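Heads up: the protein sequence lines correspond to chains A and B, in order.
Under our numbering, think of the first position of the first sequence as 1, with each following residue one higher.
Under our numbering, think of the first position of the second sequence as 1, with each following residue one higher.
Where hints are given, some of them may not hold.
[What the hints assert, rightly or not] Computed beta-carbon distance windows for the label pairs:
hint: 1; chain 1: B; residue 1: LEU295; chain 2: A; residue 2: MET60; range: 56 to 66 Å
hint: 2; chain 1: B; residue 1: LYS78; chain 2: A; residue 2: PRO53; range: 41 to 51 Å
hint: 3; chain 1: B; residue 1: PRO144; chain 2: A; residue 2: MET60; range: 32 to 42 Å
hint: 4; chain 1: B; residue 1: LEU10; chain 2: A; residue 2: GLY40; range: 57 to 67 Å
hint: 5; chain 1: A; residue 1: MET60; chain 2: B; residue 2: GLY140; range: 50 to 60 Å
hint: 6; chain 1: A; residue 1: PHE43; chain 2: B; residue 2: ARG293; range: 34 to 44 Å
hint: 7; chain 1: A; residue 1: LEU68; chain 2: B; residue 2: ARG306; range: 40 to 50 Å
hint: 8; chain 1: A; residue 1: THR7; chain 2: B; residue 2: ARG306; range: 48 to 58 Å
[Stated by the list, open to error] Covered, in the sense of this in silico footprint (three residues per stretch, anywhere, with C-beta under 8 Å from a C-beta of chain B), are these stretches of chain A:
hint: 9; stretch: 49-55
hint: 10; stretch: 100-108
hint: 11; stretch: 200-214
If you are wondering where the hints come from, they were derived from the structure by calculation, not from laboratory data.
None of these values were measured; they are calculated from a predicted model.
Cβ atoms here follow ideal geometry from the backbone N, Cα and C, with glycine treated the same way.
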Amino acid sequence: MNRVDLTLKEGRITALIGPNGSGKSTLINIISGVYAATEGNIFFEGKCIDGLPTHKIVEMGIARTFQLTKLFKGMTVVENAMMGGHSWAKAGNFFPIVLNRPSVRNEEKAVHEYAMEMLKLAGIQDRASDMAGNLPHGQQRLLELARSMATKPKLILFDEPAAGLNPHEEDMLKEALHSILRMGVTILLVEHHMRLVMNVSDWVHVIDVGCKIAEGTPKEVGKNPAVVKAYLGKEY
Amino acid sequence: MSGNRKREVLILLSVGGGLALLPLLVGEFYLYVIRLILIYAISALGLNIFMGFAGQINIGSAGFFCIGAYLPTMLQIKLGWHYLTAFPLTVVLSLFVAWGMSYPLLRLRGHAMAIGTLSFAMAVHLIAERFPILTGGADGIVVPPMALWGRTMGNTFYYYLILVFTVAAYLICFLLVESRIGRAFRATRDDEAGAAAMGVDVDHYKRLAWVVNGVFAGVAGSLYAQQAGFLSPSTFSLWTNIIVLVMIVVGGLGTNLGSVAGAAIMTSLPYFLAAIQQYILLVQGLVLFIFLRFLPYGVIGTLARRYRRPLLAKKG
Chain A
1 MNRVDLTLKE GRITALIGPN GSGKSTLINI ISGVYAATEG NIFFEGKCID
51 GLPTHKIVEM GIARTFQLTK LFKGMTVVEN AMMGGHSWAK AGNFFPIVLN
101 RPSVRNEEKA VHEYAMEMLK LAGIQDRASD MAGNLPHGQQ RLLELARSMA
151 TKPKLILFDE PAAGLNPHEE DMLKEALHSI LRMGVTILLV EHHMRLVMNV
201 SDWVHVIDVG CKIAEGTPKE VGKNPAVVKA YLGKEY
Chain B
1 MSGNRKREVL ILLSVGGGLA LLPLLVGEFY LYVIRLILIY AISALGLNIF
51 MGFAGQINIG SAGFFCIGAY LPTMLQIKLG WHYLTAFPLT VVLSLFVAWG
101 MSYPLLRLRG HAMAIGTLSF AMAVHLIAER FPILTGGADG IVVPPMALWG
151 RTMGNTFYYY LILVFTVAAY LICFLLVESR IGRAFRATRD DEAGAAAMGV
201 DVDHYKRLAW VVNGVFAGVA GSLYAQQAGF LSPSTFSLWT NIIVLVMIVV
251 GGLGTNLGSV AGAAIMTSLP YFLAAIQQYI LLVQGLVLFI FLRFLPYGVI
301 GTLARRYRRP LLAKKG
């Protein structure tokens, strides 16, 4: 990646598009602390977050999904979503748990409730007690969305959430994105799916081979000749 | 959730209560075998936390078993301590050894980590053999029997002591696996990157599982020494490492009940097959093979899948 500067506006959907291999996922991996940036900084709410481990970044309020889902397949759907509570419900330490303290039990209830709410938001609440590995592909993607929302993030990074969704699931995704916005969460949407990007995003950044080549509203970007050449193809 | 859990705790406590009546019903020999089963169940439950839930490989439990066995024994012999005062120190020492070991160990992954755990157990075994001052050496030592209120305690007392610890160990595992910590373990097992993205400090939870594994094995070892009355380094051979692993595989990885069932099956097997004792290793190997090949979820895992569908898929 080379000289990409990106500002995300609070409470909006910012999209990041670019051809395969242009570095979109790499950027998400850098923000979420999987890779370290060799140069430059990442600021979140005025604090520099680069170099922090992934779990600390989640605690600060940045959640993410993965391009290839990374669900916990040996756990149930609701347990997957309950993992979101790990970063904000912290009464569950070793001794309180093995002593079965009321604080732990109450917190479990709260985490479970919130997880169910997020499953509802993704529209998969009736699969709550199935094993996550048994869900069809599209629902697995929606579960990843629910799971990362369950961390109560302020910013959420979506890595190609629409890949492999059928039209019905795509509608559910769109609806979920709107509900997420209504909850006041900022979204960075990395996506290939142009119809979705043009439809939902407020601001679009375009990168190619690790460099930013354009930014603007979806309409402006769609007309930018450099973008059309690099990404959309001549016939678009 | 809580209704189900309460019922399970009640079942567990009544099973424990039923087991408490056993000394009245069965003879000395059976009581001995059941003591061994309960001791191995503690060790298997701990290993299952690390392997079945946190998804790491440990083939060196015997290292902790050995430390747990020798420490209170030597404190009794050399310093004249009472077993019950030496016991807490055993727990603390296994905890610290596990904690210290975890730092180099967590730098390794997968099979390399497994070899790391094995070399730890081998090192402990060698120390036990080569330092007679610490352990009495390769010839072994007699463990002094425990006295309480001026009376020497017998096998029935040890049985109750062991039973209390086994029930406690089971309760701890039971509460742990469906808690925030248990979920973090299983998430780490299923997908480390995914777990980190949920805010799980993966290394911390691997360490915690390893420490639970170490302390449980230490406690099991210490109970073993006291009830056996005799210790030698050969008690903690490579085979001791493997047999506990076989137990949790046979019982069902990732199920607490499976650890206990596996301990019962693999511990009692040699006594059922006393007539062909010289082939017992062969039989045990065959059992492991059959389970890995045909019943990879183990006894309990297979039953749970058949009768309750996914074991952990309880209605919220």
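To see whether the hints hold, each was checked on the structure:
1. B/LEU295 x A/MET60: 56 to 66 Å: Since the Cβ atoms of B/LEU295 and A/MET60 sit about 45 Å apart, the hinted range of 56 to 66 Å is violated.
2. B/LYS78 x A/PRO53: 41 to 51 Å: holds (45 Å)
3. B/PRO144 x A/MET60: 32 to 42 Å: Violated: the Cβ-Cβ distance is about 57 Å, outside 32 to 42 Å.
4. B/LEU10 x A/GLY40: 57 to 67 Å: holds (59 Å)
5. A/MET60 x B/GLY140: 50 to 60 Å: holds (57 Å)
6. A/PHE43 x B/ARG293: 34 to 44 Å: violated (55 Å)
7. A/LEU68 x B/ARG306: 40 to 50 Å: Violated, at about 32 Å.
8. A/THR7 x B/ARG306: 48 to 58 Å: Holds, since A/THR7 and B/ARG306 (Cβ atoms, about 56 Å apart) stay within the stated range.
9. 49-55: Our answer is that it holds, as 3 residues pass the Cβ test (under 8 Å) against chain B, meeting three.
10. 100-108: It holds: at least three residues are needed, and the stretch 100-108 of chain A offers 5 whose Cβ sits within less than 8 Å of chain B.
11. 200-214: violated (count 0)
Checked against the numbered hints given earlier, the structure breaks hints 1, 3, 6, 7 and 11 and satisfies all the rest.
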